Amino acid sequence: MMIASPVLIVGAASDIGRAIAAEYAKAGASLILAARNVSRLEPDVKDLFYRYKADAQLMELDILDEGQREALLGKLTEVPGTVISVAGVLGDEVAAWSSVAAANHIMQVNYVAPSLLLGALANLMAERPGACIIGISSVAGDRGRKKNYTYGSAKAGFTAFLSGLRNRFGSSGLHVLTVKPGFVATRMTEGMALPPFLTASPQQVASSIISAHRKKKDVLYVLGVWRGIMFIIRAIPERMFKSMDI
Amino acid sequence: MMLSGWGRYPVLSCTARKVRGEADVIKLMASTTSLIARGAGRAYGDAALNSQMTLLMEGSDRILFFDEETGRLTCEAGVLLADILNVFVPQGWFPPVTPGTQYVTVGGMIASDVHGKNHHGAGSFGEYVESLDLAVSDGRTLRCADDENTDLFNATIGGMGLTGVILRATFRMLRIETDLIVQETIRANNLREAFDVLESSLSATYSVAWIDSLAQGDKLGRSVVFTGEHLAAAELPKDRASVPFSAKLPNGRKVPFDFPGMTLNKFSVSAFNALYVGSRRFGRSLINFQPYFYPLDSIAEWNRIYGRAGFVQYQVAFPRESSFEGISAILRTASDYGLGSFLSVLKLCGRQRNSPLSFPREGYTLTLDYPIRARTFSMLLELDRIVDDHEGRIYLAKDARMGARMLERGYPRIAEFAAVRQRFDPDRKMRSLLSDRLGI
Chain B
1 MMIASPVLIV GAASDIGRAI AAEYAKAGAS LILAARNVSR LEPDVKDLFY
51 RYKADAQLME LDILDEGQRE ALLGKLTEVP GTVISVAGVL GDEVAAWSSV
101 AAANHIMQVN YVAPSLLLGA LANLMAERPG ACIIGISSVA GDRGRKKNYT
151 YGSAKAGFTA FLSGLRNRFG SSGLHVLTVK PGFVATRMTE GMALPPFLTA
201 SPQQVASSII SAHRKKKDVL YVLGVWRGIM FIIRAIPERM FKSMDI
Chain F
247 MMLSGWGRYP VLSCTARKVR GEADVIKLMA STTSLIARGA GRAYGDAALN
297 SQMTLLMEGS DRILFFDEET GRLTCEAGVL LADILNVFVP QGWFPPVTPG
347 TQYVTVGGMI ASDVHGKNHH GAGSFGEYVE SLDLAVSDGR TLRCADDENT
397 DLFNATIGGM GLTGVILRAT FRMLRIETDL IVQETIRANN LREAFDVLES
447 SLSATYSVAW IDSLAQGDKL GRSVVFTGEH LAAAELPKDR ASVPFSAKLP
497 NGRKVPFDFP GMTLNKFSVS AFNALYVGSR RFGRSLINFQ PYFYPLDSIA
547 EWNRIYGRAG FVQYQVAFPR ESSFEGISAI LRTASDYGLG SFLSVLKLCG
597 RQRNSPLSFP REGYTLTLDY PIRARTFSML LELDRIVDDH EGRIYLAKDA
647 RMGARMLERG YPRIAEFAAV RQRFDPDRKM RSLLSDRLGI
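So the sequence lines, in the order shown, correspond to chains B and F.
The first sequence begins at 1 in the numbering used here and counts up one residue at a time.
The second sequence begins at 247 in the numbering used here and counts up one residue at a time.
There may be inaccurate statements among the hints.
List time: in silico EDC-like cross-link candidates among lysine to aspartate or glutamate, alpha-carbon distance up to 16 Å [to be verified]: (1) 53(B) / 329(F); (2) 46(B) / 442(F); (3) 264(F) / 245(B); (4) 53(B) / 313(F); (5) 465(F) / 442(F); (6) 465(F) / 439(F); (7) 146(B) / 55(B); (8) 26(B) / 55(B); (9) 46(B) / 313(F); (10) 53(B) / 442(F); (11) 26(B) / 329(F).
Computed Cβ-Cβ distance ranges for the label pairs, DEER-style [stated by the list, open to error]: (12) 277(F) / 193(B): 19 to 25 Å; (13) 173(B) / 277(F): 48 to 54 Å; (14) 396(F) / 55(B): 37 to 43 Å; (15) 627(F) / 246(B): 51 to 57 Å; (16) 442(F) / 42(B): 53 to 59 Å; (17) 376(F) / 66(B): 46 to 52 Å.
It is worth saying that the hints were derived from the structure and are not from the lab.
It should be emphasised that the depicted structure is a prediction, and the values quoted were computed from it without experimental measurement.
Backbone N, C-alpha and C define an ideal beta-carbon position, used for all residues, glycine too.
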């Protein structure tokens, strides 16, 4: 299946964002890279050109800023064929228990802001044939756990939003893909002891996303093992789950 | 994180940080009193290990500029040579110098001033570096070139990362018309014949010999010499006439687990060598550049065949006058020890570059590798004496165990290097397990 260009990547400066940009550039797509302090991505624009002959443009976006979200929509000279939201932050769970600001930040970055942006973009893209919206959510959204439920609940909200969007456009053809990467070795997780067999590389995430995009999948677990793990975790009765330490 | 070089000896617990670009390097440099940059981890020994801070440069890998007229390429230091080949060979460009693996970074190639099968004519990689940007320990980024910060430029080429962190470099690529190599395979029955063949092949672009390290007596040094030329488009065979560059990418087979340490014993190495030296097809053949330049890259993680204990690679370079005697003595001693080297390579090198720590010099270089055993180290000490007696030197990018005295004897310009370091890194922030071991 052809990838519809341009491909707008929100959160393009992250490790996963960079890997996705390379993967789509390799597939021949033109790119719009959106991030904070986006000028730091100028070397990436050159790299995408010299490696893949890909055309990439930069757009400034602090996803938490409503004005900037609107400005981004205004700056688009054509309706994106594909939008990929990589925006997200793990945050400090324990800090979020006692700080409203910390909890609010995690919820805004992982749920409110990307949902509002993707919702607005979906309205623009609904009529465009072959259009696709891809949201990077998380396995943490599959069930709330004490270790990361602020992050997890925001991702759960994002997952539900994407699911609803998919349902809304289910008959008209706008493809919506929810991605649940599991652990990924990135700047966000650097220094954490992650079990290798549960941990994907950003490149793995990117290549499985483009292949799920082509196959018009609805939900992608980057490493299949996570589908099984989350199935089991969801199946544990709440009565037992509440006293478990996982 | 436990880190080692490609030889998997020694292993050191290091605080390692991934670097995505210049800003990360500057920040991390300011946050520590001791660090070293690490590229693809292909130096064999302890050159890219620092327990306090090892910068992982592979994420700083953007290609920033390429001029299709001149072949001038600018990229970040973490770009892999393999990526350069994948992007530019199909466009008709080839690196001016390539080591025996493509899984090295540009920064690593500069820091080790790597050489290849064309050293006798082309010199080392440093000869083609037009400029580089170096983050030095006081937080500045300095442009270094032949006519700008010249001392620092020359010290950085071959400087094992000890002058600063290489951020970006500009170098020239060479035009090629096809991705094929015309290979000539020549048998040499002993070391003298191998030398003769290499001497008479000086007009060939590429030349190298593989030696049977266990052959003894009048067969000592028997070899197979491979010369090579880039195939011109006009000479393409019929079935490839319109396809100067095939789209095939390297497809690595992996060594899936560590071989038991016993696998590569005297008999199996000897068998390998006999097979290789005894049953080759000789004469002219046409092969893709991948198997010609990177025969071992097709077996990903071939370093695991030596088992968990790892191995050391021993590469030495002699002046031309003492090469034959020095190499004969090394081969005899190694053969007496009965420790076979999996791969033993002989190469005639050309003129030395004007860099104080650059390894290749006019004369012959010999490469041997040995699994870590109790006897290995005592044998290598004996080989050190032979190297020293014949005014040879040991390649720092391969070394994991020599002493400071061997360094001083082999690299007479070490004081010049130390002076440059003193100027740009008076507090010795840039250091590695190698530099600590050698007192650099």
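Does the structure keep residue 465(F) and residue 442(F) at a Cα separation of 16 Å or less? Measuring from Cα to Cα gives roughly 15 Å; hence the hint holds.
Lying within 46 to 52 Å: is that true of the beta-carbon distance residue 376(F) to residue 66(B)? holds (48 Å)
Hint check: residue 46(B) vs residue 313(F), CA-CA at most 16 Å. Holds or violated? holds (13 Å)
Proposed proximity, residue 245(B) with residue 264(F) (alpha carbon, max 16 Å): With a Cα-Cα distance of about 31 Å, the restraint between residue 264(F) and residue 245(B) is violated, given a limit of 16 Å.
Given the hint of 48 to 54 Å, is the C-beta distance from residue 173(B) to residue 277(F) inside that range or not? holds (51 Å)
Quickly compare the C-alpha distance for residue 26(B) and residue 329(F) to 16 Å and report which way the hint goes. holds (13 Å)
Pairwise hint evaluation, residue 313(F) against residue 53(B), where the allowed Cα distance is 16 Å at most: holds (14 Å)
Agreement of residue 146(B) and residue 55(B) with the hint, judged by alpha carbon distance not exceeding 16 Å: Distance ~44 Å between residue 146(B) and residue 55(B) Cα, so the pair is violated.
Pairwise hint evaluation, residue 329(F) against residue 53(B), where the allowed Cα distance is 16 Å at most: holds (14 Å)
With the threshold set at 16 Å, check whether the alpha-carbon distance from residue 53(B) to residue 442(F) stays at or below it. violated (48 Å)
Take a quick look at whether residue 26(B) and residue 55(B) sit within 16 Å of each other, Cα to Cα. Satisfied, since the Cα-Cα distance of roughly 11 Å is no more than 16 Å.
Regarding residue 277(F) and residue 193(B), is the given constraint of 19 to 25 Å on their beta-carbon distance met? For residue 193(B) against residue 277(F), whose Cβ atoms are near 22 Å apart, the range 19 to 25 Å holds.
Hint compliance for this structure: hints 2, 3, 7, 10 are broken, all remaining hints hold.
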